[in-house]
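Visitor: Sequence:
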Amino acid sequence: MYINNEVISYLQTNRILALKLDQAVSAVGQQVTNQVETLGKGATRLLYYTSCFTDEYNDVCQQQKTEDMRFRNAVIRIIQQGDVVYEMLRVYFEEIFKYKTNAQLEHIKKALMAVNVHIAASTLTGAGYALAVATSVRIGLNLSLQLSSLTGRATGTAAGIVATYGLVQKAADSARRLQVQYPAYYSALYMQQLEMMYFLIEPVFERAGAREAQWSSDSGIANIITRMIR
13 MYINNEVISY LQTNRILALK LDQAVSAVGQ QVTNQVETLG KGATRLLYYT
63 SCFTDEYNDV CQQQKTEDMR FRNAVIRIIQ QGDVVYEMLR VYFEEIFKYK
113 TNAQLEHIKK ALMAVNVHIA ASTLTGAGYA LAVATSVRIG LNLSLQLSSL
163 TGRATGTAAG IVATYGLVQK AADSARRLQV QYPAYYSALY MQQLEMMYFL
213 IEPVFERAGA REAQWSSDSG IANIITRMIR
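With my numbering applied, the sequence shown covers 13 to 242.
None of the hints are false.
Label pairs and their computed distance ranges (CB to CB): (1) D95 x Q226: 22 to 28 angstroms; (2) K77 x R239: 36 to 42 angstroms; (3) A115 x Q226: 17 to 23 angstroms; (4) K122 x D185: 35 to 41 angstroms; (5) A196 x T238: 21 to 27 angstroms; (6) D71 x Y111: 33 to 39 angstroms.
Lysine-lysine pairs mimicking PhoX-like chemistry, simulated, CA-CA at most 20 angstroms apart: (7) K122 x K112; (8) K121 x K110; (9) K110 x K122.
Keep in mind the hints are simulated off the structure, nothing from the lab.
From the three backbone atoms N, C-alpha and C, an ideal C-beta is built for every residue, glycine too.
Given the sequences, and given the hints that come with them, work out the whole structure.
Guide: Here you go:
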């Protein structure tokens, strides 16, 4: 059976990396799973790897290998650049605001001020406002999520390996949902090699109805921002 040793090495046997992940991934959403669910997803993902033995399911095997590598690359980005949550929020708001006129941005700003949400943007442009809103939302996310709490502490054990693949499966499931529900945002994250980290903020997006921004009015976008901040 194919086992991606690089993923296991990065997330289970390297305790220094695990510690850095604990420190890097914080203030996000809610506790999205429990150990039983994670182990179940991991066992399912490992079972899928049996498809590597059959030519007709080779595409399934290749897809999982690609997901494993993109998950690993996203983890490396967390270590190198730190706040991946802010980066995903920045990409999201850039996608929302990139086609907005100054008049539309002003309307969104006034709608936010009406509910006592003040965004400190130095310039009222799509890119500038995206940075300011992403910063405000990021500051407002005050709950904590640690990757080690999702995979468990069974470093180097069979349970630890299964839990690691449970986390990768969770990330893959979340990314696939986003690809269907908000293709433009998925593509933007994919270009940044961040789509496999979307699961970290998916609970926040669900609570705020953030995926609806792709077809919402300016007032609707202001409501989404308000829910994300509060």
